[in-house]
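*Asks:* Take the sequences, apply the hints, and build the full model.
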Amino acid sequence: MRRLLLLILNELKMVRTALPIHLIAVFQPALMYLIMASVLVHPTFEVNITEPTDDAGKRLLEAMYDVGSPDGVPYINPVFLDDNDPIGAGIVTVEEIGDQPTAIYRYGLIDSNIVKNLRNRLTAAALRVWDDSLDGRAVTIIERPWLPHDPTYNLYFGMAMLPMTTFLAASLIGGFLTAQEFEFDTILEYRLSPVSPAVVLTARLVRLVLISWLSAGILLTVIGLLNDVWPASILAVTLILIPIALVGGGIGISAGLLLRSSLPAFVIGLGSAFACWILGAAFGLPAGFSGAYEFVSRFVPNSYAVELLFPLYYDTTIGDSIRPILALTIFSAVALGLAALAYRRRVLTCQE
Amino acid sequence: MESTQPAVQVNSVTRRFGSLTAVNELSFTAQEGEIFGLLGPNGAGKTTAINLITGLLKRHDGAIRILGFDPQTQAREVRRRIGLVPQDTNVYTDLSGTDNLLHHAALYCADLSGIEKHIETMLRLMNLWERHSDPVRTYSGGMKRRLALARALLHDPLVILFDEPTLGVDVQGKHVLWEHIKKQQAQGKTFIVSTNNMEEADTLCDRLVIIDHGKAIAMDTPERLKAALARDVIMLRTTPVIEDPEDLFRGLGVQAATYSQADQLRLEVTNAESIVGELVARATTSHSLDSVRITRPTLDDVFLHHTGRALRE
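As given, the protein sequences belong to chains A and B, one line each in that order.
Add 176 to a position in the first sequence, counting from 1, and you land on the number used in our numbering.
Add 741 to a position in the second sequence, counting from 1, and you land on the number used in our numbering.
One or more hints might be untrue.
[Unchecked claim] Distance ranges between label pairs, derived from CB positions:
#1 B:R817 / A:L181: 20 to 28 Å
#2 B:S760 / A:A374: 34 to 42 Å
#3 A:S214 / B:D852: 50 to 58 Å
[To be verified] As a list, the in silico EDC-like pairs of lysine to aspartate or glutamate whose alpha-carbon atoms are at most 20 Å apart:
#4 A:K189 / B:E857
#5 A:K189 / B:E861
#6 B:K799 / A:E528
#7 B:K799 / A:D361
#8 A:K189 / B:D835
#9 B:K923 / B:D947
#10 A:K189 / B:D875
Since the hints were derived computationally from the structure, they do not count as laboratory data.
The beta carbon of each residue, even a glycine, is placed where N, CA and C say it ideally should be.
*Replies:* Next comes the structure, spelled out in structure tokens:
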């Protein structure tokens, strides 16, 4: 035990040997999240309008204020513009088309997804106007939200980044430092060591898990401060991220051992972390995407971590937790097995 | 059991890299408490031999035993008993001297109790204690080599393999390092030292094997190797340069005459003192004598004798 503790302590001291990589791995995801959060789609759309003068226009404006998410976040924020405003083309106006008052919204360079979002929101507002005009024969819409509360998309995006930052820190540092041992020839210390490779690898993995936790902890804090939502249990989040750190660490160490060059190992660490992030429920639960995406996501550990994290952030369940725990255990075991094999081949075996 | 075994036995070991035979049927035995040298020019196969002895590299033929254990099949037993100081000082330069030794201790020392005190002792022994907490990148070349030696000795190995001990170390540092190695030898340690430095081999090694193109060409104590040449060297510098030394010095017993530098004639003779007077007399009849110097054979002469090339070439 003393040996393991000493090795872990030494591993932590070795942060000094590649400080910039550690800083990147620890702080970059939180910075990236802050940048992404500032440009991500916000649930409340600003819709430029002119002050309505007729009755239909006034009723539409009223309905715009009413349309919102189940927990009350408004979907439309009407912004009054002058008729002479230079961006006047981007306003909602009510015009008579075929004797019918028609809401017209002219927009510029926005993608089909935002068109859809705008259309949905304006349709909802128009539906309310129509509904009000039916008097006693109203169409009743009962909204039953799936989630107890409806936080912004920023929260999901940040939550799905937690496994990514964990993976990234472990794979980046694990790969870079292990390869660096070959470049500086310090690997000789390990090659001739009589100590069991299990102890050596455990020490390195513990270090990677600790640094991954630090990185995830910073991101978790940023997510919490930005959204005012905190996971139900920090301990549970910590435990969920362990297998992800082991997978990232296992892949990183294997890359470092097999490539023996820090730059390619760095690229592998970075690439695998981002691939697993994007394919692993980065932008929404896989069930909401195409069948192909859903299929691929089953082979990515991040999907299972997100599945376990989701209830902690959204106060709901999306299935049993046994299956994702089992999947994460298998992913960890495979990654660690790979690292152990690579260690045996590159460090312990007599060079051919 | 270990005390009855030679420390290192290398028996007809061969290692090839493709078509190149880096070590060719190399054999030698180093006894316990001996400093045994592998002397040869760069590329002679010394480092390959060290890597074969440690078990880092697979041999293609022959047998190696370290204190009775085969480094290939009994790697862990061998690793417990050896220490290696590689040619490139592979220390963590961003860590302190103490931290480097702590790392090594965790990887090598069987007993970690009191390790901090032991590390202090080793660093004091190598005159490094005053800088023990400084990052190694601030150490001089000699200090780094001493740290590497301290590290190799930390787990109390019986056999230490030292690849080019004083490569890149200044003159003062060399002597300090040799002194440390000698002190460790007095403690019963066995050293296998690879070097291309004649002075180092001469000063440090009890016995040595001269290697060229991976093959052992001579093996004995430095004194005996030199004595076996049974000749002295007279270095003669004249103006103009003597162009036909065989003719001029005929009958004086000159065994070989070569130019070590453009204007310096190098004459190999059986006994320099007995003929130097006559030799100078003959030379000054037709030339002006600038300098004359008698030298005893060096290991370079031994190498030259066996290979026809100087060790430095």
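*Asks:* With reference to the structure, classify each hint as holding or not holding.
*Replies:* Consistency of the hints with the structure:
1. B:R817 / A:L181: 20 to 28 Å: About 22 Å separates the Cβ atoms of R817 of chain B and L181 of chain A, which means 20 to 28 Å holds.
2. B:S760 / A:A374: 34 to 42 Å: Between S760 of chain B and A374 of chain A, where Cβ atoms are some 40 Å apart, the hint holds.
3. A:S214 / B:D852: 50 to 58 Å: holds (57 Å)
4. A:K189 / B:E857: Within the cut-off at roughly 16 Å; holds.
5. A:K189 / B:E861: Since the Cα atoms of K189 of chain A and E861 of chain B sit roughly 19 Å apart, the hinted pair holds (cutoff 20 Å).
6. B:K799 / A:E528: holds (5 Å)
7. B:K799 / A:D361: The given pair, whose Cα atoms are some 19 Å apart, holds under the 20 Å limit.
8. A:K189 / B:D835: holds (9 Å)
9. B:K923 / B:D947: With Cα atoms ~11 Å apart, K923 of chain B and D947 of chain B stay inside 20 Å; holds.
10. A:K189 / B:D875: holds (14 Å)
Figure legend: structure checked against the earlier numbered hints; every hint is met.
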